[in-house]
Amino acid sequence: MKYEAVIGLEVHVQLRTKSKMFTRVAAGYGEPESTLVDPVVLALPGALPVMNKEALDKIIKAGLILGCEIAAVCKWDRKNYFYPDSPKNYQISQYDQPLCIGGAVEIELPGAARNVMGEHKQIPLTRIHLEEDVGKLNHGASDSLVDYNRAGTPLMEIVTDPALASADEAYALLTSLRIALVQGGISDCDMEKGQMRCDANISIRPVGETKLGTKVELKNLNSISFVRDGIAHEIRRQLAVKENGGTIVQETRDFDGQTGTSQSLRSKEMAHDYRYFPDPDLMPVNVDDAWKASIRATVPEHHFDRQRRFMADYQLPYTITSVLVPDRALADTFEATAKLGAAPQAAANWIANDLLRELARSDVGRGLSPTDGLATCKIQPAHIAGLVKLVESGVISNSIAKEVFVTMFQSGELPDVIVEKQGLKQSTDTGELAKWVTDAIAANPRAVAEFKTGNEKALNAIKGAVMKASAGKANPKLVDEITRKLIG
Amino acid sequence: MSANSDLNIDYLANLARLALTGMEREKFARQLGDILHYVEKLKQVDVTGVEPMAHASPVFNVWQEDTARPGLSVEDALRNAPAQRQHMIVVPKVVE
Amino acid sequence: MADDLIYLPAARLAELLGSGKLSSSELVQSCLARTKAVDGRVKAFNSYDETGALALAQASDQRRAAGQARGPLDGIPVGFKDVIAVAGQPLTCSSKMLANYISPYDATVTVKLKAAGAIPFGRLNMDEFAMGSSTENSAFGPTANPWDLSRVPGGSSGGSAAAVAAGEMPVSLGSDTGGSIRQPAALCGVVGLKPTYGLVSRYGLAAYASSLDQIGTMARTVEDAALVLGVIAGHDPRDSTSFKADVPDYRAELGRRKGPWRLGVPKEFFGAGLDPEVGAAVRAAIEHYRQAGCEIREVSLPLAAEYAIAVYYLIATAEASSNLARYDGVRYGHRSTKAKDVVDLYFQSRAEGFGDEVKRRIILGTHVLSSGYYDAYYLRAQKVRTLIRNEFTAVLRECDALLSPTSPTAAFKIGEKSSDPLAMYLTDIYTISVNLAGLPGISVPCGFTGGGLPIGLQLIGRPFDEAGLLAIARHYEQAHAWHTQHPSLS
Chain X
1 MKYEAVIGLE VHVQLRTKSK MFTRVAAGYG EPESTLVDPV VLALPGALPV MNKEALDKII
61 KAGLILGCEI AAVCKWDRKN YFYPDSPKNY QISQYDQPLC IGGAVEIELP GAARNVMGEH
121 KQIPLTRIHL EEDVGKLNHG ASDSLVDYNR AGTPLMEIVT DPALASADEA YALLTSLRIA
181 LVQGGISDCD MEKGQMRCDA NISIRPVGET KLGTKVELKN LNSISFVRDG IAHEIRRQLA
241 VKENGGTIVQ ETRDFDGQTG TSQSLRSKEM AHDYRYFPDP DLMPVNVDDA WKASIRATVP
301 EHHFDRQRRF MADYQLPYTI TSVLVPDRAL ADTFEATAKL GAAPQAAANW IANDLLRELA
361 RSDVGRGLSP TDGLATCKIQ PAHIAGLVKL VESGVISNSI AKEVFVTMFQ SGELPDVIVE
421 KQGLKQSTDT GELAKWVTDA IAANPRAVAE FKTGNEKALN AIKGAVMKAS AGKANPKLVD
481 EITRKLIG
Chain F
1 MSANSDLNID YLANLARLAL TGMEREKFAR QLGDILHYVE KLKQVDVTGV EPMAHASPVF
61 NVWQEDTARP GLSVEDALRN APAQRQHMIV VPKVVE
Chain E
1 MADDLIYLPA ARLAELLGSG KLSSSELVQS CLARTKAVDG RVKAFNSYDE TGALALAQAS
61 DQRRAAGQAR GPLDGIPVGF KDVIAVAGQP LTCSSKMLAN YISPYDATVT VKLKAAGAIP
121 FGRLNMDEFA MGSSTENSAF GPTANPWDLS RVPGGSSGGS AAAVAAGEMP VSLGSDTGGS
181 IRQPAALCGV VGLKPTYGLV SRYGLAAYAS SLDQIGTMAR TVEDAALVLG VIAGHDPRDS
241 TSFKADVPDY RAELGRRKGP WRLGVPKEFF GAGLDPEVGA AVRAAIEHYR QAGCEIREVS
301 LPLAAEYAIA VYYLIATAEA SSNLARYDGV RYGHRSTKAK DVVDLYFQSR AEGFGDEVKR
361 RIILGTHVLS SGYYDAYYLR AQKVRTLIRN EFTAVLRECD ALLSPTSPTA AFKIGEKSSD
421 PLAMYLTDIY TISVNLAGLP GISVPCGFTG GGLPIGLQLI GRPFDEAGLL AIARHYEQAH
481 AWHTQHPSLS
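Residue numbers (this note's numbering), protein chains in the order written: chain X, 1 to 488; chain F, 1 to 96; chain E, 1 to 490.
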């Protein structure tokens, strides 16, 4: 029998806010233990929650980016369960009235080749709701240590429909979702820091069957690659169970990305009765049209829309757009450069190659995303546009331009200033060019002879010598003309 | 509304994380049975079309702007901790 | 001087402090002396901070000497129900669970009282986690009624009422979820005010039932209650349920509002179960208002009378089951040494830390919210709550306030009802619906039984009309001398 997989994801994303979801103590990562806590975070007797307006703005923005319907009214519910990382032993969440309903994530599947755009699909979302994160457990040999710094961080739960068919689709979904959320300023989505976490519900069913099979929940998928590996592994595991005549057991499994294996988490299988009820400490939220409109005005263009536009409007090849577009600042820089009149292809090349390379090398950009690197680096669109124009108009050669780029990245000076200061303008002085060519002809008699026998390529040796003598400043077109004239 | 016999004291004590002795189980089951019997009278009230009252006054959008202010000192945060180490709360080993 | 001070109202003490005839240090010494003399029998206090109170008194005296007194409460000691946080002081909720807990922060009411110069004197006994009507459910033993030490002071704020009645404290704070300020005030012969839900911040009040809890005050006079309310009331950004209401000068308003008023008498609050002596005293109080030219209307609150207790015990226990989940022995509070593993740590710590009534209510509340029962219990109770509130709203459209007994009986014997939870719950029959409707209520002394036990008159007002409610209560108080009588404590 032939089987197909059905996968749904639950993605938890920490919102980027200064303070926590229900209290104003700072939220953050990597701070010393027990320094991001207050009476509310620790659930001390008498502490009360108060909503964080920014967190509401951010989830509404996420909902608008993903095309969700934003609920006019939503409320807060308590999800009651005991666990040492949960200070109140209930989590404030949204049960039956989430803030965002429906929506979809557009994904791109791998293309036929690296330079070919893959198939795009819309994966429908069930809902997005807001809740609070829990603390962190550190397991020792004989006991466990709990740090509550993370507890109370605004956390958004994005639930997809069971609509993914493969590990690749899940990978594509998380990739696209992460780009959309980072570009919207909603979260940094750093999975290593736990800012984005993913659980997957996986089942298989015979092709043609419409009922869902028994699902297995896969937890602790803490990188996008592990999500892909974990889901692929789980699908293989379930297929193997079926092939051996077994039945899939509903359970929660823990995937170990290092070893590529999973094991059942039996302790999580206690029947849950969360006793949801409206939190009496919090008032409901009413989202009116004006609020929605003010947030809609801050929603950036979707990265796939932008990619399609870059390909159509600027005639950029797919490959380069897939470098530019995932990073909002990089794409913004490109677009601003193009708007300054620079040839788009050339501008895109400078940004995707030289700028990224220099950022990665430099002190300001090393280890940062291009967005963060660009925020501190000295290169502005005017720099790149200026450089493109200098090359285009023949003032400097491409190889000189490469050096100018490095100089301007370091100093922040505009390229024409550098060219002027360092005397890098291409030489179009025919007298000077004729002297360099004459010297080169004299020094390369064999090449001259070969050219005369019809070997066009032999001319390159002479031109190369001219470029070397001129330190790259000789105008290649003029050098070609003069050489032919002098030899001929 | 449900009959008193539906009160499953073991199930509830487990959800509420309360260890009960046999005598407590018996006593509470009886007393809570009486109370549940008493509240049966709510069945008599016609609540068709009535909105549930979650708050004394219906106010919306009570929030604060996102500014961070200092929390408790580490010392204050842990002063009541039954067991602590390395500025964290110690609990018996949690098996996930 | 000390003995002359113990029954003076706070407003009078403020005058003496203001005129320099009394120092805060002397006042605090007097309270300490009285507490040491009688509290061994009354047991109103779980603890008090002698050194701290004297230091604050000294600071107050210095402020006053420098002409920087902060207002009428500056230098006046205040007793705190042991459920309201004061930084550096115990916060036990009269529970073994929190027997050794010290609050690292101040409740908002504490911040406000401190800013007004008041002195947080000590921690007053209560029913564990405010669950009870007699203060017998305290892990540290019951408080006695100062009028008859074999009787209960009421509850759950029994210590707060007893301390004022016994002359230990001029004023105290309590909390009222279903009558926990008004009922003990009635049983101890003092004034007890429960403000409108949302008028006083709950930040720093260990929650019992969040949608019903409200901090209020016990005092010797209505004027004193107005004085304290003026300090503790007002919007608090740390409490999302705190209301942005105007806070008038309640004390000044007392003199401005003279009536006559339209007063409603809910006929159902005078039915079966009402002690005849209590009924007679309350009817006499109603007669006072009639004589004063007030229009007395019989009104009807059938749903409140019949269903309030049922609604209350479903909503309050549901909320409590969740609110009290945080007491688990992990971050603070009692931790069992018998636990085998982390799950067992919860079971054992909570079993050892909580008393019977708390366990009963947690289990009931867990049941009310559990899968399959939510709609039948919790949701239905919330809907009936809406109907009860609507009933009050309609009646209060025509009346400035309602008059009723506070409690169906005077103080009962310690142990009399402790084995029958339902009988105990029924003692809150006249007060509970006021919490469900979120309204302000006040109990003022209105007489004594033949046996010399105090009787309370309850007045129920319009939302956020504490100024009106206090003025109506004060009208009665000024014409009577009940509040000037004190227990002999011999």
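Mixed in with the good hints, there may be bad ones.
Here are the simulated DSS-like cross-link-like pairs (lysine-lysine), alpha carbons at most 30 Å apart as the crow flies [claimed, not checked]: (1) K93/F - K136/X; (2) K193/X - K27/F; (3) K338/E - K27/F; (4) K79/X - K413/E; (5) K413/E - K43/F; (6) K93/F - K219/X; (7) K112/E - K27/F; (8) K114/E - K21/E; (9) K53/X - K75/X; (10) K340/E - K219/X; (11) K244/E - K27/F; (12) K93/F - K340/E; (13) K477/X - K452/X; (14) K96/E - K79/X; (15) K114/E - K244/E; (16) K53/X - K292/X; (17) K340/E - K27/F; (18) K41/F - K338/E; (19) K21/E - K43/F.
No wet-lab data here; the hints were simulated from the structure.
**Asked** Which numbered hints are broken by the structure, listed smallest first?
**Response** Hints 2, 4, 5, 7, 11, 18 and 19 contradicted; others consistent.
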